[in-house]
Each structure stands twice: as C-alpha cells, then as structure tokens.
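Asks: Chain residues, written in single-letter form:
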Amino acid sequence: MTTGGWITMILSVGFVTTLFIFCIFRVLRGPAANREHELGHVEPIEEDDIIQR
Amino acid sequence: MAKAQEAWGSRLGVILAVAGSAVGLGNFLRFPGLAAQYGGGAFMIAYFISLVLIGIPICWVEWTIGRHGGKYNFHSTSGIFDLILNKPWGKYLGVIGFIVPVCIYMYYVYIEAWCLGYAVNSITGNLSGEGVNFQEFFGTFTGASADGVALKFGLKEVGIFVIIVYFLNFFFIYRGISKGIELVCKFAMPALIFIALIILVRVMTLGTPDPLKPDQNIIAGLGYLWNPGAVAVLDAVSGVEVARYPDAAAIPASYLGEAFTQKNLDLWLSLMNPQLWLAAAGQIFFSLSIGFGVIITYASYLRKEDDVVLSGLTASATNEFCEVGLGGLITVPAAFMFLGAAGIVGQGTFGLGFNVLPEVFAYMPGGQIFASIFFLLLFLAAITSSLSMLQPGIAFLEEGLNISRKQSCALLGFVTGIGTLFIWYFSKDLKALDTIDFWVGTVMLFIQATILVIIFGWGLGIKKGWQIAHEGAEMRIPNIYKIIIKYVTPAFLLTIFGMFLLQNVLGWNYSFSDAQFNPTDRVRDLIGSDASPVARLSVAWIIIMTIFSLILVNLAGKNWKKRKQNLIKEASL
Numbered sequence: 001m002t003t004g005g006w007i008t009m010i011l012s013v014g015f016v017t018t019l020f021i022f023c024i025f026r027v028l029r030g031p032a033a034n035r036e037h038e039l040g041h042v043e044p045i046e047e048d049d050i051i052q053r
Numbered sequence: 054m055a056k057a058q059e060a061w062g063s064r065l066g067v068i069l070a071v072a073g074s075a076v077g078l079g080n081f082l083r084f085p086g087l088a089a090q091y092g093g094g095a096f097m098i099a100y101f102i103s104l105v106l107i108g109i110p111i112c113w114v115e116w117t118i119g120r121h122g123g124k125y126n127f128h129s130t131s132g133i134f135d136l137i138l139n140k141p142w143g144k145y146l147g148v149i150g151f152i153v154p155v156c157i158y159m160y161y162v163y164i165e166a167w168c169l170g171y172a173v174n175s176i177t178g179n180l181s182g183e184g185v186n187f188q189e190f191f192g193t194f195t196g197a198s199a200d201g202v203a204l205k206f207g208l209k210e211v212g213i214f215v216i217i218v219y220f221l222n223f224f225f226i227y228r229g230i231s232k233g234i235e236l237v238c239k240f241a242m243p244a245l246i247f248i249a250l251i252i253l254v255r256v257m258t259l260g261t262p263d264p265l266k267p268d269q270n271i272i273a274g275l276g277y278l279w280n281p282g283a284v285a286v287l288d289a290v291s292g293v294e295v296a297r298y299p300d301a302a303a304i305p306a307s308y309l310g311e312a313f314t315q316k317n318l319d320l321w322l323s324l325m326n327p328q329l330w331l332a333a334a335g336q337i338f339f340s341l342s343i344g345f346g347v348i349i350t351y352a353s354y355l356r357k358e359d360d361v362v363l364s365g366l367t368a369s370a371t372n373e374f375c376e377v378g379l380g381g382l383i384t385v386p387a388a389f390m391f392l393g394a395a396g397i398v399g400q401g402t403f404g405l406g407f408n409v410l411p412e413v414f415a416y417m418p419g420g421q422i423f424a425s426i427f428f429l430l431l432f433l434a435a436i437t438s439s440l441s442m443l444q445p446g447i448a449f450l451e452e453g454l455n456i457s458r459k460q461s462c463a464l465l466g467f468v469t470g471i472g473t474l475f476i477w478y479f480s481k482d483l484k485a486l487d488t489i490d491f492w493v494g495t496v497m498l499f500i501q502a503t504i505l506v507i508i509f510g511w512g513l514g515i516k517k518g519w520q521i522a523h524e525g526a527e528m529r530i531p532n533i534y535k536i537i538i539k540y541v542t543p544a545f546l547l548t549i550f551g552m553f554l555l556q557n558v559l560g561w562n563y564s565f566s567d568a569q570f571n572p573t574d575r576v577r578d579l580i581g582s583d584a585s586p587v588a589r590l591s592v593a594w595i596i597i598m599t600i601f602s603l604i605l606v607n608l609a610g611k612n613w614k615k616r617k618q619n620l621i622k623e624a625s626l
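Residue numbers (the working numbering), protein chains in the order written: chain A, 1 to 53; chain B, 54 to 626.
Next up, chain A with everything else stripped away, as it sits in the complex (with noise of 0.2 Å):
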C-alpha cells in the first residue's frame, strides 16, 4: 500500500466516522433528545383494531 493509499483511506473513513459521531452525538445530546413523541395517538391506525391491535 502506497504512502497515497494511506493517506485516501485514513482521510476517507476518518471523515465519514466523525461526521457520524458527530452528528449522532448531537442528536443524542442535543435540546430535542428527551423530547419523545407522543405515542397516544400513533397506534392503531383504525379504532375499530383498537382490540385486534
């Protein structure tokens, strides 16, 4: 592997799992982390499958 290879691969995967960490980071500790939905009105679908579902 050349010096060049090194360098593609070290500066490719390092971007793209920074950019990860980084953005899930923010997802996981920013303002709107603890803000779940409301999941009451998420299921059923139909209120006639209230009882199936």
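The set of hints was computed from the structure by calculation and includes no laboratory data. Note that this is a predicted model, so its numbers are computed, not measured. Treat each hint with caution, since some may be false.
Beta-carbon label-pair distances, calculated as ranges [said to hold, decoys possible]:
no. : chain 1 : residue 1 : chain 2 : residue 2 : range
1   : A       : Ile21     : B       : Arg589    : 46 to 54 Å
2   : B       : Asn571    : A       : Leu11     : 32 to 40 Å
3   : A       : Gly30     : B       : Val105    : 19 to 27 Å
4   : A       : Trp6      : B       : Gln556    : 14 to 22 Å
5   : B       : Phe247    : A       : Leu11     : 19 to 27 Å
Interface residues of chain A toward chain B, partial, derived using beta-carbon atoms under 7 Å [said to hold, decoys possible]:
no. : residue
6   : Met1
7   : Thr2
8   : Thr3
9   : Gly4
10  : Gly5
11  : Met9
12  : Ser12
13  : Val13
For each residue, glycine too, the CB sits at the ideal point set by N, CA and C.
We have chain A; now place chain B onto it with these hints.
Replies: Chain B alone, transformed into the frame defined by chain A:
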C-alpha cells in the same frame, strides 16, 4: 371508520429508519467494487464532491418537503406535490414516487430472499463443504441458469425464503410506522453495524492467509482498494485485469510480455475520465436512496416542530459510515487476500456478493460462521430497505383512495406479488430483474430526484423552502447551499443523467472529439431482431404499472382537492 394520525415514536427511530432504507447491498458490495475499479483516491474525490453537491442537498430537500406535506396530513409524493404546486398537473409529477418504490420492491424482495437463503445455507453447511461450485449454486438458487428453475421450495432453493421475506415485510408494514418499521430498524441497524464490525476485525486480523502467496496480504488488499495511482496489468486478449502495481517499475518481468497490456490509473488521468464521475455520482445517488419517494413519506410522519436538518445529515452520515467506513474495508480486501486481483475484477455487485465472497469464506478459518453472519448482515440491510419501499405505496393508497391499512396492504401485496412472481419465473440471466432495475430503479430515480430539487428550488421557492427547512432545526444549513440547491444540484444532476443515458442507452464512446454511438443491449433487448421477449415483457409491465398508477393518482386527486378546500376553509375561519 375513523383514522388516527401516525407518527414516529422517537427521533432516533426516524433517523435509523431513513438510514436503514439507505443502507443496503450497495454499501457492502457495489461501493467497494467501484472504488477498486477506478483507483481509490480518484474515485473518492469524485465521490465526496458528489456527496456534497447531490447527496446531502437532495436529502435535506426530501426531508423538508416531506415534513411540510405531513403538516397538512399529506404523506405521498403525489399528494405533497399537489399541495405544494397547487396545479392540476402537479400531482402527476409525483407518480414516480409511487411507481419506483413499488416496482423496486418487486425485485428487491427477491434479492433479499437470496441473502436469507445464503445465510441459512451457510449455517447448515451447504455453502462451506469442499468442492462446492459457487457459480452453479448461484445459478440454480437464483434461477440465473434457466427460466423457472428457481420456483422450488427446498432448503437449497429460493422459494421458501421468498415466502418468508414477503410475510415478514407485510407483517411489519401492517403494524405501522412506530410499531413496525421503527421497531425493526431500532434493532436491525445497531445489529447490522455490530456484525459489520465483527467481520471487519476478522478481515483485518487475517494477515497473510496463504504463506505461499505472500503478496496477497491485508495491507496489499487495502492498497488494491485505496491506492490513488496505480498501473493495472490486463490480459491482452480478454482485457481482464490480472494484477495491479503502484507504478510501472514494480511490474515483474513475467507480466511484461505481449500477452499483457497496461492500464494507467494515475490520479489526475482518472479524474479526467467521465466514467469515473458517472460511477461516483451514481453510487452516491443510489446509495442514499434519494429520489425513491421514501424519505418524503418517512419525513411526513414527523411533527411540525421536529428538526429535519440535523436528522437528514445524521441519516446520510450513518449511510456513509456503513459504506466507506465498513463496506470499504471489508469486501474487496477480503476477496483480494484469497483470490487476488483477477478474482475480483468485473464481478459486479451480485458476482462479488454471491460468487466471490462465499468462496472467500470457504477458504477463511472459521469461514462457516463468518459467512452466516455476513449474509445475515446483508439480509438485515435488505429488509430495512424493502420495508421502506412499501410505505410510500401504503401511504398513497390510504390517503389517496381513502382505504384502510388492511385493504391497502392487500392491494399492494397482490400487485407486488404478481411482479415478484414474474421476476422469479423469468430469472434466466436475471433478465427481468435487470431490465426493471435499469428503467425503474435507475432512469426513473434520476427523473424523480431532478423533479424534486426543481420543485424545491423553483416551485416552492428557495426562500420559502429555506424557511421551512429551518423550522425547529438544530443546526443551520450553510447559505452556500441556497445557490447549490437552486442551480448547481439540478445542473449536476442533469449532466450526470445525460451522460448516463448516452453511455447506457446510446453507447457513447466517451470521446468529445470523435464521438461514436453504438446502442447498448438496453436498446437491442427491446428493438430489432435480437430483442429479448423477457425484456419486452418487463418493459410492458412497467408501462402497465405506470398507467395503473396514473389512474390511481387521478382518482386520488379528487380526494386531495376536497382536503385542500377544507384546509382553506379552516384557514379562513
């Protein structure tokens, strides 16, 4: 029969669902193959430029348009276009957002069944014994060897797995957004990344698997994929690559005879090659699932105060991590270590995944276990994608035709079932699958993505679109993207699409000074004396689906018109 509004259960759930939709076989099989083919460094430059100019902006556009439509209880691409454009023809522009996922589902679920079948056959040892002919197994299992041979239901046949994956997909889609798709993705995506990391560690610790072939080691395998400038040695007769070296001086004397030719993969020369740009942009485009209609539908189940900017970027980043960070380090280096350059070149996605890799696992210590979990990984990647393909169809049928979840599942199951059966039966050379994949999974995708970005930049207007995108946003989109989304992305997309058609339909020779055109098999399969009946039937099926979808959009339009009138009444009160 009253209906309750659906929504995502959590923010991480929607991000994982969108990422799950994007992460598929292409991440682990197609991307590394392309990067190796075009010489890692040059390909990655074109790849990241395409990510910045096409991938991320269109993701933001889809998330924004989707959430905007959902605010008014519209969840399908056609319905949302009808709302945004407010013109009688607006809804028809979104018809591709229904056709594409539904038609892709028909063959994608078949490939998903291969993944599950290969995982089970790896566990049972059918793929790990000595003397297994992997090409023959693939031909019989998938039906690539002859029409109709795959319509069998034993353990070594695909039938039972098609039925299992069909049942699983419709079971989870019937359960709805939060209890179906979100639940699956919340487990499947972390499991997928965990499995990929295990396989990555295994590949990285293989060292030099065969002491008799010291050149085929992990460092050389990584170099084969990532070295930016290299010289490939080709067989003079077949043109197949047999070896690759960092420079011409490193080529041994045995490869310098008349039987071999050399191909320069120098960084700057490679960057001047239009094919490389086409491959890189195409990979970004298909990998991120943009233009599918899936992100729009998923985002429409967000609440109006939910962020779309950070969420969109996170979903894209997750896909890129799986593709470059995991896929780029696993498949090709592993194949190189056991089979060398000649074993990888020209294999394509299916060849690499279902012919080369089973052979690699057969040689690898502990290969049976790693083959099983690798195909399980592909299956998880596939099911999170196939589920996402059903939701736009379900959303369209429910809101457009005002029918129940049960009815829409039944109708969609019937239509996709016919399509899958067609692809399953006409499996020789995977002709039906390949034809539908090209015209729907590629050409229509380009068209849909172009329509999307033009509607955002010019129909909705960049000013209003910008304002909507930043409602509830946890980060700002850089202002340069106003210009990129309005001008650069559509121009880049149209250029790539034009070149794509020139290459894949008209057979352009990539020369500007001495341009020549030789229509490809895509055209010859449909027109002329060598036309393929299966390819013609496949295109006829696409046309029938398009007409059927246009009729449904027309019917749905009346329903949407009433809903829009009600919205206007409510606003005036």
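Asks: Compare the structure with each hint and give your call.
Replies: Evaluated hints:
Roughly 50 Å separates the CB atoms of A:Ile21 and B:Arg589, a value that falls within the hinted 46 to 54 Å. For the pair B:Asn571 and A:Leu11, the beta carbons lie near 39 Å from each other, so the given range of 32 to 40 Å is met. For the pair A:Gly30 and B:Val105, the supplied restraint of 19 to 27 Å holds, since their beta-carbon distance comes to about 23 Å. Our hint of 14 to 22 Å for A:Trp6 and B:Gln556 is violated, since their Cβ atoms are close to 33 Å apart.
At about 25 Å, the CB distance of B:Phe247 to A:Leu11 agrees with the hint of 19 to 27 Å. Checking A:Met1 against chain B by beta carbon gives a least distance of about 3 Å; that is within 7 Å, so the hint holds. The criterion of a C-beta within 7 Å of any C-beta in chain B is met by A:Thr2, whose closest approach is roughly 5 Å, and the hint holds. The interface hint given for A:Thr3 is broken, as the beta carbon of that residue sits about 10 Å from the closest beta carbon of chain B, more than 7 Å.
Interface restraint check for A:Gly4: the shortest CB-CB distance to chain B comes to about 4 Å, inside 7 Å, so the restraint holds. Among the interface hints, the one on A:Gly5 holds; its C-beta lies about 4 Å from the nearest C-beta in chain B, closer than the 7 Å criterion. Hint on A:Met9 holds. Least Cβ distance to chain B is approximately 4 Å, under the 7 Å limit. Interface restraint check for A:Ser12: the shortest CB-CB distance to chain B comes to about 5 Å, inside 7 Å, so the restraint holds.
Hint on A:Val13 holds. Least Cβ distance to chain B is approximately 5 Å, under the 7 Å limit.
Figure legend: structure checked against the earlier numbered hints; hints not met, in rising order: 4, 8.
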